[in-house]
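Engineer: Sequence:
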Amino acid sequence: MDNNIMFLIVAGVIGLIIGFIVAKILERNKASEIIKNAKKTSNSILRDAKSEGETIKKDKILQAKEKFIELKSEHEKVILSRDKKIAEAEKRTRDKESQVSSELSKSKKLSAELESKIKDNIQRKEYLDNKQSELKKLHKSQVQQLEVISGLSAEDAKAQLVESLKEQAKNDAMGLIQSTIEEAKLTAQQEAKKVVINTIQRIGTEEAIENCVSVFNIESDDVKGRIIGREGRNIRAIEAATGVEIIVDDTPEAIILSCFDSVRREVARLSLHKLVTDGRIHPARIEEVVRKTRKQIDEEIIEVGKRTVIDLGIHGLHPELIKTVGRMKYRSSYGQNLLQHSREVAKLCGVMAAELGLNTKLAKRAGLLHDIGKVPDTETEVPHAILGMQWAEKYGEKPDVCNAIGAHHDEVEMNSLISPIVQVCDAISGARPGARRQVLDSYIQRLKDLEDIAFRFEGVKKAYAIQAGRELRVIVESEKVNDEKAASLSFEISQKVQTDMTYPGQVKVTVIRETRAVNIAK
Numbered sequence: 001m002d003n004n005i006m007f008l009i010v011a012g013v014i015g016l017i018i019g020f021i022v023a024k025i026l027e028r029n030k031a032s033e034i035i036k037n038a039k040k041t042s043n044s045i046l047r048d049a050k051s052e053g054e055t056i057k058k059d060k061i062l063q064a065k066e067k068f069i070e071l072k073s074e075h076e077k078v079i080l081s082r083d084k085k086i087a088e089a090e091k092r093t094r095d096k097e098s099q100v101s102s103e104l105s106k107s108k109k110l111s112a113e114l115e116s117k118i119k120d121n122i123q124r125k126e127y128l129d130n131k132q133s134e135l136k137k138l139h140k141s142q143v144q145q146l147e148v149i150s151g152l153s154a155e156d157a158k159a160q161l162v163e164s165l166k167e168q169a170k171n172d173a174m175g176l177i178q179s180t181i182e183e184a185k186l187t188a189q190q191e192a193k194k195v196v197i198n199t200i201q202r203i204g205t206e207e208a209i210e211n212c213v214s215v216f217n218i219e220s221d222d223v224k225g226r227i228i229g230r231e232g233r234n235i236r237a238i239e240a241a242t243g244v245e246i247i248v249d250d251t252p253e254a255i256i257l258s259c260f261d262s263v264r265r266e267v268a269r270l271s272l273h274k275l276v277t278d279g280r281i282h283p284a285r286i287e288e289v290v291r292k293t294r295k296q297i298d299e300e301i302i303e304v305g306k307r308t309v310i311d312l313g314i315h316g317l318h319p320e321l322i323k324t325v326g327r328m329k330y331r332s333s334y335g336q337n338l339l340q341h342s343r344e345v346a347k348l349c350g351v352m353a354a355e356l357g358l359n360t361k362l363a364k365r366a367g368l369l370h371d372i373g374k375v376p377d378t379e380t381e382v383p384h385a386i387l388g389m390q391w392a393e394k395y396g397e398k399p400d401v402c403n404a405i406g407a408h409h410d411e412v413e414m415n416s417l418i419s420p421i422v423q424v425c426d427a428i429s430g431a432r433p434g435a436r437r438q439v440l441d442s443y444i445q446r447l448k449d450l451e452d453i454a455f456r457f458e459g460v461k462k463a464y465a466i467q468a469g470r471e472l473r474v475i476v477e478s479e480k481v482n483d484e485k486a487a488s489l490s491f492e493i494s495q496k497v498q499t500d501m502t503y504p505g506q507v508k509v510t511v512i513r514e515t516r517a518v519n520i521a522k
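Per the working numbering, the very first residue in the sequence shown carries number 1; after that it's consecutive.
Hints are computed from structural coordinates only; laboratory data are not their basis.
Because the structure is a prediction, the values reported are computed rather than measured.
There's no promise every hint is true.
[What the hints assert, rightly or not] DSS-like cross-link-like pairs, simulated, lysine-lysine; straight-line CA separation at most 27 Å:
1) K60 - K72
2) K295 - K508
3) K125 - K137
4) K84 - K96
5) K117 - K77
6) K117 - K137
7) K96 - K106
8) K374 - K394
9) K109 - K96
Construct the complete structure from the given sequences, taking the supplied hints into account.
Structural biologist: Structural data, given as structure tokens:
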């Protein structure tokens with residue numbers, strides 16, 4: 001049993017050894033075969049590489065040959081082009097040389113001709129000099145003979161001749177000047193009269209007299225009681241808010257509104273119309289309506305200015321100047337409505353400028369704006385023409401227009417042809433029969449001065465001259481003026497009016513102080 005096991009073990013070991021030996025032999029044979037195959041492959045790769053290298057070498061050699069041939073061809077072309085340019089330059093040089101030689105020969109020929117002419121001119125000059133000296137000698141001998149014959153020297157004879165000619169020329173010139181001046185005067189007077197007459201005939205405007213009262217018509221006399229209100233509170237509220245005196249008398253179905261300021265009068269008229277139409281008439285409602293009416297009047301002023309400049313064909317006017325033109329509707333000069341007067345002057349200027357061949361649009365512009373210095377409410381020491389010129393310059397008007405505005409009363413010197421036209425047309429409009437009333441203007445000025453005196457005192461809010469200047473109604477601020485001060489203020493204003501102004505009769509000064517407590521329930 002043991003022997004069998006040992007036999008099996010020995011047999012197994014021998015088998016393993018034999019198998020290992022056989023595996024090694026097989027592995028060696030396989031490795032030698034792989035090496036042989038690798039050598040074959042490497043030899044094949046080397047052969048292919050050599051063959052490909054030869055092919056690439058041949059291709060590169062061919063490319064190099066082709067590049068060489070191409071460069072050689074380009075070089076030959078460059079050389080041929082350079083040779084051609086050199087040949088052309090040589091040809092131009094030969095042509096220039098031939099031209100220069102030709103010009104040189106011509107120059108030599110001209111030089112010879114010039115020398116010949118110079119010699120000829122020198123000979124002629126010598127001949128002329130000799131002749132001139134001979135003529136001088138001959139003239140001198142003749143002058144000496146004439147001096148002997150006449151008994152006068154040449155200088156004396158010349159002086160007498162010049163004096164006689166001067167006197168004769170002077171007489172002739174004076175006669176010609178005198179006749180020219182007389183003819184010019186006659187012609188100028190005729191032409192000026194013709195231009196002025198034609199201008200006046202072609203402009204027809206209505207008389208522009210402004211009054212100081214307006215009549216407010218009502219449907220029935222019952223409305224008068226509502227306007228007056230309980231114990232007159234409504235009428236006092238209207239007068240205090242507008243500064244217009246309201247006269248309620250026995251005139252049937254009419255109430256009189258009296259005020260020198262046409263803007264205030266128009267505000268009062270429109271406010272009364274709204275109040276009567278609405279039916280609610282009480283102090284609070286009156287103040288609200290007056291405030292809205294003032295705003296409406298401001299808008300209407302701008303609209304009037306726009307319509308005016310459009311009607312006259314004036315373009316590019318500054319908005320502030322348009323507003324100023326609209327305000328002219330509520331201003332008067334010597335009783336003449338300022339807007340009507342300015343429109344009339346503008347039309348006259350346009351016609352007269354057309355007759356004289358000048359710029360009609362520029363003339364109309366200057367005519368319309370010539371009195372804008374009268375629009376401000378406050379009085380200044382600057383004349384209205386200068387003030388208007390300053391406004392025009394401020395708002396970019398042309399120098400001719402500014403000069404016409406400033407020179408229409410001779411405050412500044414006229415430097416354009418439009419300036420005398422504006423001055424003449426202003427005189428034509430003002431001198432027309434019924435155009436102005438001097439008394440009314442002085443009356444309005446007195447009322448303005450009366451109101452200005454009240455405004456000089458501290459605490460004065462509003463001041464209205466009413467009843468044709470016989471009463472000055474002053475409304476003060478209740479916070480700044482108490483009851484005691486209101487009484488003293490009334491006395492001080494009356495004393496100031498008495499010392500500073502001249503007026504017929506008496507002026508009643510009424511100071512009104514009102515205290516209000518307003519709250520809103522929400």
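Engineer: It remains to establish, for every hint, whether it holds in the given structure.
Structural biologist: Now the hints, each set against the structure:
no.: 1; hint: K60 - K72; result: 18 Å, holds
no.: 2; hint: K295 - K508; result: 31 Å, violated
no.: 3; hint: K125 - K137; result: 18 Å, holds
no.: 4; hint: K84 - K96; result: 18 Å, holds
no.: 5; hint: K117 - K77; result: 59 Å, violated
no.: 6; hint: K117 - K137; result: 30 Å, violated
no.: 7; hint: K96 - K106; result: 15 Å, holds
no.: 8; hint: K374 - K394; result: 16 Å, holds
no.: 9; hint: K109 - K96; result: 20 Å, holds
Checked against the numbered hints given earlier, this structure breaks hints 2, 5 and 6; the rest are met.
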